[in-house]
Amino acid sequence: MEKTSSNLLWHGVLLAVLLSFGYSIVLASQSIEYNWRWERVVPYLVNMEPKSAVAPFDGVAKVSADGLSVVVTSDNGEPDRAYQEFSHLIVGDGDLVFEGDVIVTREDWRMGPIMNGLVVTLKISIVSLFFAVIIGLFVGLARISSNPLLKHLSLLYVEIVRGTPLLVQIFIFYFFIGTVLGLDRFTAGAAALSIFAAAYVAEIIRSGIQSIPAGQMEAARSLGMNYSKAMIHIILPQAFKRTLPPMAGQFINLIKDSSLVSVISITDLTKAGREVVSGTFAPFEVWFTVALLYLVLTGTLSWMVKLLEKRLATSD
Amino acid sequence: MIKEYQGNDMIVATQIDKFYGNGCHALKAVSAIVHRAEVVVVIGPSGSGKSTFLRTLNQLETISSGSISIDGTDMYDKDTDINKLREEVGMVFQGFNLFPHMSVLENVMLAPLKVSKRNRQEVESHARQLLCKVGLETRIDNYPSQLSGGQMQRVAIARALAMKPNIMLFDEPTSALDPEMVGEVLDVMKGLAEDGMTMVVVTHEMGFAREVADRVLFMEEGQLLVDDTPTTFFDNPPHSRLAEFLSQVL
Ligand SMILES: Nc1ncnc2c1ncn2[C@@H]1O[C@H](COP(=O)(O)OP(=O)(O)O)[C@@H](O)[C@H]1O
Ligand SMILES: [Mg+2]
Chain A
19 MEKTSSNLLW
29 HGVLLAVLLS
39 FGYSIVLASQ
49 SIEYNWRWER
59 VVPYLVNMEP
69 KSAVAPFDGV
79 AKVSADGLSV
89 VVTSDNGEPD
99 RAYQEFSHLI
109 VGDGDLVFEG
119 DVIVTREDWR
129 MGPIMNGLVV
139 TLKISIVSLF
149 FAVIIGLFVG
159 LARISSNPLL
169 KHLSLLYVEI
179 VRGTPLLVQI
189 FIFYFFIGTV
199 LGLDRFTAGA
209 AALSIFAAAY
219 VAEIIRSGIQ
229 SIPAGQMEAA
239 RSLGMNYSKA
249 MIHIILPQAF
259 KRTLPPMAGQ
269 FINLIKDSSL
279 VSVISITDLT
289 KAGREVVSGT
299 FAPFEVWFTV
309 ALLYLVLTGT
319 LSWMVKLLEK
329 RLATSD
Chain B
140 MIKEYQGNDM
150 IVATQIDKFY
160 GNGCHALKAV
170 SAIVHRAEVV
180 VVIGPSGSGK
190 STFLRTLNQL
200 ETISSGSISI
210 DGTDMYDKDT
220 DINKLREEVG
230 MVFQGFNLFP
240 HMSVLENVML
250 APLKVSKRNR
260 QEVESHARQL
270 LCKVGLETRI
280 DNYPSQLSGG
290 QMQRVAIARA
300 LAMKPNIMLF
310 DEPTSALDPE
320 MVGEVLDVMK
330 GLAEDGMTMV
340 VVTHEMGFAR
350 EVADRVLFME
360 EGQLLVDDTP
370 TTFFDNPPHS
380 RLAEFLSQVL
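Chains as they are written, first to last, in this note's numbering: chain A, 19 to 334; chain B, 140 to 389.
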């Protein structure tokens, strides 16, 4: 009883803190006389301008009795053109129309530049995540290998990647490796991100494997399993479960780090934000929107990982 | 593989030495023979090399010199497939080492399915039969974390038996158990011995050694000091170090 009432108190305090934080943002923007114009951002998210269909030739329009279709008959014997599934009829029955006249319009929406940027960010994150996990798995296994070549090579890789800034790696990938191999921007950016994240994934996988008691491998080997069977059936499934939380953190970092590829002119969410700011004069709104969209991506990811963790937790 | 070997010597260890990477000399010129259907118990103070000796018998530890042959196959012959050889030699560990992410039935079925590639139905009915034999037919769908220590160890025994081994190695199978659970595991092991399984058992259970063993070995500081029948071993210790050890533990 006492516990719940003090909990309630703290939740109240939390609410007060958040409210005063929000109010201070309002005060701050008032103090610099900033006019919030959120509506300016909307067209850059979704473009709601209706699409119009125009007459391809001169002719006569004929509207059907129910008003659901229009047929334009050509003056010059070209085949008739029919229009259906529109939202606004512009011409009337029997109207003369000339080439280029609007016949009907349709409600439509297209993705604005910010949404396009979001898709690019999502795409480059998924591609990089996929390769980071594959490369990371092999590098992680090489790290614990007894073969000195594999062991030292993988250690060198991890140290180099973790010891240099991602921004510099992206430049190297784009300007050097990309030029040598003829990679396009997207491939170069995705490759840089994959290689970068894979080094961290490798360390997560290595420590995950090493956290499994040696007795598990011994039991598997004593049953006649070879090293790879023991890894696949016994060690990796257990290690996978333990690596999920740090792995989720790494994946979230990957999504955020992907904003750096905007420096090689990939129009991801961040670059789209920069472009839109220069067109809208609403920098605060745009950057808040961009931040929110990143938060949606990372939030969804950590939610999915939580679900997976719950599903896997059944056996213990 | 020399499958048709019909000799009576299931394990022949000759002059084996083991140095660990840190220079520890864990086995010193140990020689021993285990015959078919024989139960050999290994006794000795902690750190005397009992586990090391047992683990060399399925090559969880490699030896530094000497030779070991299992059922007529030289373990260190370059043509010997160690994974094949390990199928013949089951092992039960002090810490059970069950696979925590699998149910009891899956634990028992995994190796026959993935290693021996036996038919699934046959493997499952064999697994159920073994779990019945160790008295766990009602625990088939449980996970290891839901079992008591004694139950876990019995699953581990069933898991090893599922590979249809000719030899079973036990490394202190009851040392991690609460006293009231020791009996149920020892009973299963006695049953195995009666079925004619060749067994090497490292244990501190002197009662088991006296009752079930055909021979008892005494190890100290990496040396095998005594190899004799239980009666002589316990009633008439042929080595002063053994007499001293027995007087401490009995
Ligand atoms: N992996 C290892 N590395 C180095 N030394 C070891 C290792 N395992 C065991 N030893 C050493 O070898 C000796 C024998 O150990 P062990 O065979 O475990 O004895 P027991 O099972 O009789 O208690 C001990 O001195 C122990 O410290
Ligand atoms: Mg031991």
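Hints were generated in silico from the structure; no laboratory data involved. Take these hints with a grain of salt, some might be off.
Cβ-Cβ distance ranges computed for the label pairs, FRET-style [claimed, not checked]: (1) 169(A) <-> 161(B): 18 to 28 angstroms; (2) 201(B) <-> 246(A): 11 to 21 angstroms; (3) 152(A) <-> 201(B): 25 to 35 angstroms; (4) 144(A) <-> 335(B): 52 to 62 angstroms; (5) 244(A) <-> 154(B): 23 to 33 angstroms; (6) 154(B) <-> 231(A): 48 to 58 angstroms; (7) 271(A) <-> 335(B): 54 to 64 angstroms; (8) 144(A) <-> 185(B): 30 to 40 angstroms; (9) 28(A) <-> 281(B): 36 to 46 angstroms; (10) 184(B) <-> 231(A): 19 to 29 angstroms; (11) 335(B) <-> 173(A): 30 to 40 angstroms; (12) 174(A) <-> 335(B): 53 to 63 angstroms; (13) 216(B) <-> 173(A): 33 to 43 angstroms; (14) 174(A) <-> 161(B): 51 to 61 angstroms.
All figures in this text were calculated on a predicted structure; none of them were measured in a lab. Every residue, glycine too, gets a C-beta built ideally from N, C-alpha and C.
Of the hints given before, which are not true for this structure? Violated hints (numbers, rising): 6, 8, 11, 14; every other hint is consistent with the structure.
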